[in-house]
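Just so you know, the protein sequences line up as chains A and B, in that order.
Take 966 as the starting number for the first sequence in our numbering and just add one per residue.
Take 52 as the starting number for the second sequence in our numbering and just add one per residue.
No lab work stands behind these hints, which were simulated from the structure alone.
Wrong hints could be hidden among the right ones.
Derived DMTMM-like pairs: lysine to aspartate or glutamate, alpha-carbon spacing no greater than 20 Å straight-line [said to hold, decoys possible]:
#	chain 1	residue 1	chain 2	residue 2
1	A	Lys1001	A	Asp1164
2	B	Lys471	A	Asp1161
3	B	Lys551	A	Glu1101
4	A	Lys1096	B	Asp422
5	B	Lys298	A	Glu1113
6	A	Lys984	B	Asp92
7	A	Lys1043	B	Asp422
8	B	Lys588	A	Asp1024
9	B	Lys300	A	Glu1229
10	B	Lys298	A	Asp1164
11	B	Lys260	A	Asp1018
12	A	Lys1157	B	Asp92
13	B	Lys298	A	Asp1161
14	B	Lys514	A	Asp1158
15	B	Lys340	A	Asp1239
16	A	Lys984	B	Asp101
17	A	Lys1043	B	Glu253
18	A	Lys1043	B	Asp101
Selected chain B positions facing chain A (in silico; Cβ < 8 Å) [claimed, not checked]:
#	residue
19	Glu226
20	Gly474
21	Lys588
22	Ser592
Using N, Cα and C, we set each Cβ at its ideal position, and we do this for glycine too.
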Amino acid sequence: MKKYITLLSILFTITACDKIEGPYISGGEPYVNPYKKVLIEDFTGHLCPNCPDAARELDAIHDIYGDQIIGMAIHVSKSFGRPYPASQAPNFQYDFRTNWGDEWDEFYEISAAGLPRGMVNRIGVPDESHKLGKDEWVGTVASELQKEVNFIISIKCNTNSITVSSTLENDIANNFKLVVCLTESDIVNWQKDGQDNIDEYEHNHVLRTVISDASLSSSSSFEKGEVIESSFDINLAELEQYNIDYSTNEAELGNGNAGGWNIENMSVIAYIYDNTTKEIVQVEEAHLMNK
Amino acid sequence: MKKIAILFTTVSISFLGFSQENSAGEIHGDFDLNLQSYQEDLQIGAEAVDEVILNNAYLNLTYTKGDFATGLRYESYLNSLADYDPEFKGNGIPYRYATYSIDGLEVTVGNYYEQLGSGLIFRSYEEKGLGIDNAMDGVKLKYSPLQGMYLKTFIGKSRTHFTYSDGIFRGLDGELNINELLNSEAKTKAIIGGSFVSRYQERTGIVFKMPQNVSAYAGRLDVSNGGWNYYGEYAYKINDPANIGSKSKVNYASGNAITQSITFSKRGFGFSAEMHRTDNMTFASDREKQTEKAYLINYIPTLSKPHAYSLLALYPCATQADGEFGMQFDVFYKIKKGSLLGGKYGTKLIFNYSRINGLNNGNSILNDQLDHSPILISIKREELYFSDFNLEINKKINKKIKANFVIANQTYNKDFLEGKPTGDYGVLNSTILIADVSYKIKKGHSIRIELQKLNSKQLEHAKKLAEGDWNMGLLEYTVSPNWFFAVQDMYNWGNEDISKQLHYVNINAGFIKGTNRFSVGYGKKREGIFCVGGVCKTVPSSNGFNLSISSSF
């Protein structure tokens, strides 16, 4: 019996240990397509105590891959996104939620699965594996960055208009849509962080508005070298008022305190997605004031 | 679902024979319900919940017949109490099992709990107070091939909320009771044991090389002679990095832990001395979730005394599996009856001291940029996490009056233990006095009064205002065996923030009849930390009614 135990233990030890020797980074430098960019949609809320961890993870991934990673913080849900009643002022009085953020949240069922959670290029929607915990982001990012690109996006913009140029890298046929939206960074406001209520938390790349979510082209077949230009006139004051109205009239427990945009800190994010699988195939970001 | 239906049928059929004289076996069960209402209270920062009330309930059913047993647990979280992980949501039967034993072999399939040694490398358990349940689902075998030799092995996945985490665990444990093995009547008794566990998790992510099979092993020795007992255990875990996207943070260092204790006891006197050191020993059922309590699969026994008195437990110590060095000493002495200090009934003295500090420059870390291992023993110069010096005097004064007095001094590194930014609250030092007196009024009627006082100071300048001093009073009236009533007030009179110098009043009443127990209460809870055995959770402040019902058959 003793022999049997010894043998069994040795067998376990041999088969059940993966001792890793350095260098620990996989294969030195894994292949990264320098033209591929990845959008991480971080569904969050200022009342969500674990959400700052997800924001920090997004920053850490950005530190590794630089500007090939584009982040978007989408504040959603009544539980985590609502402002506090005025009686609790000044705590948590701002309403970061938007009509589009709430619609995406409902469509992709993110907050229902618990926050923080996010999507990386909206990979996995067909088999419902798209609702990723923050620790699952980096793995999906790494595999996304290996993919070939069919589009290169460039953005020209100012405070009155935005032009998105999508250049085809291959001949392809599919039904694509283009989304153009605005985000804002360096918003200093309240945020729960673990057990703490942080009054001067820096909120970055917060979704402010969606300017367009429409077909990329009337055609669904594209030729290599083709450039599709999409232009939009914008009125920032109207867009800001839209958010205020949404918070006042439609968002659950909203209070209309959704303005105060700072155009100095705003960016345009444009992305193309496959309308069947919802996968974002390319994304680009530019500062609204061309900073 | 089909399996559950079959199990239910099995249980139901057995239940039919329950109240009759049965050769059909026995069925037992217990039920537990905790309901709480939550209303907004701006003063204490309590939030109302949209549902108005939240409720946790459980029913355990067990059927046994000879060497066969089967059972299940129904759990209901509609929705879970505010101090619970909200991932516990909805209803279900997450625990069901069947087990039998024959000729020294015990077979269990379905859910089971298991602990190897003191739990350093593996502990699957449930603790409702903390909202922890990492029950395994799989197969477990126990076998005793010889007298004094005990083997067990298991394979399974660990529960997290209403699902199972990715890791598959394979475990093996062997124990030799030397005295039983040799049929010896020797005064010295020895048990040696060894355990091994391995987690398989599919490699994900391509940035870092991730081990798919992570193993941990441990050896233990338990020796006793007369009133003396020694227990020691050493555990080792190979590299177990979390797949975090940062070259400087990913950690390939191995982990280790050692725990030792020596105790002595004889009539009227006892002492124990314990120490442990842990380094990088967090072991989770999912490599990506090492910071989440629900995924922890090992347990480092705490080295601080678990206190029941509110103000003694106000600042409890959370065990740091990632790295700590701790020691604890206990002395128990009963002053004899009839002596000057012993009086008519004798006097019990219980002394306890514990001290826990960090490792030298933190726990081990190994990656492409860093390679650090802390020195083995380093106490004085390291960051103090917690210390507790307390003396309890237990005295029966006469047939009607019993008293318990405690004096304690605790040091609590609030910033570190609660994960606050360094300098927010710093280190707190508290002196606590407690008097607990029971008086038997007449047969079946007794009253108990508890008076507690905590004086606290910040040992260094801190950015945020301290909670400061507390007083606490409790009055409890018991009418045996059916009724109890209690009113309690915790008053944070020394809070540096004057708006938070508040009373936290709680009233409770309970009725017990047979195996049924009902209690209702109303009151305010302070936001704080609640620990069981060094494992802690944060409890949000709350204001509302609570109802608790428990029953068994």
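### Numbers of the earlier hints that this structure fails to satisfy, in rising order
Hints 1, 3, 4, 5, 6, 7, 8, 9, 10, 11, 13, 15, 16, 17, 19, 20, 21 and 22 contradicted; others consistent.
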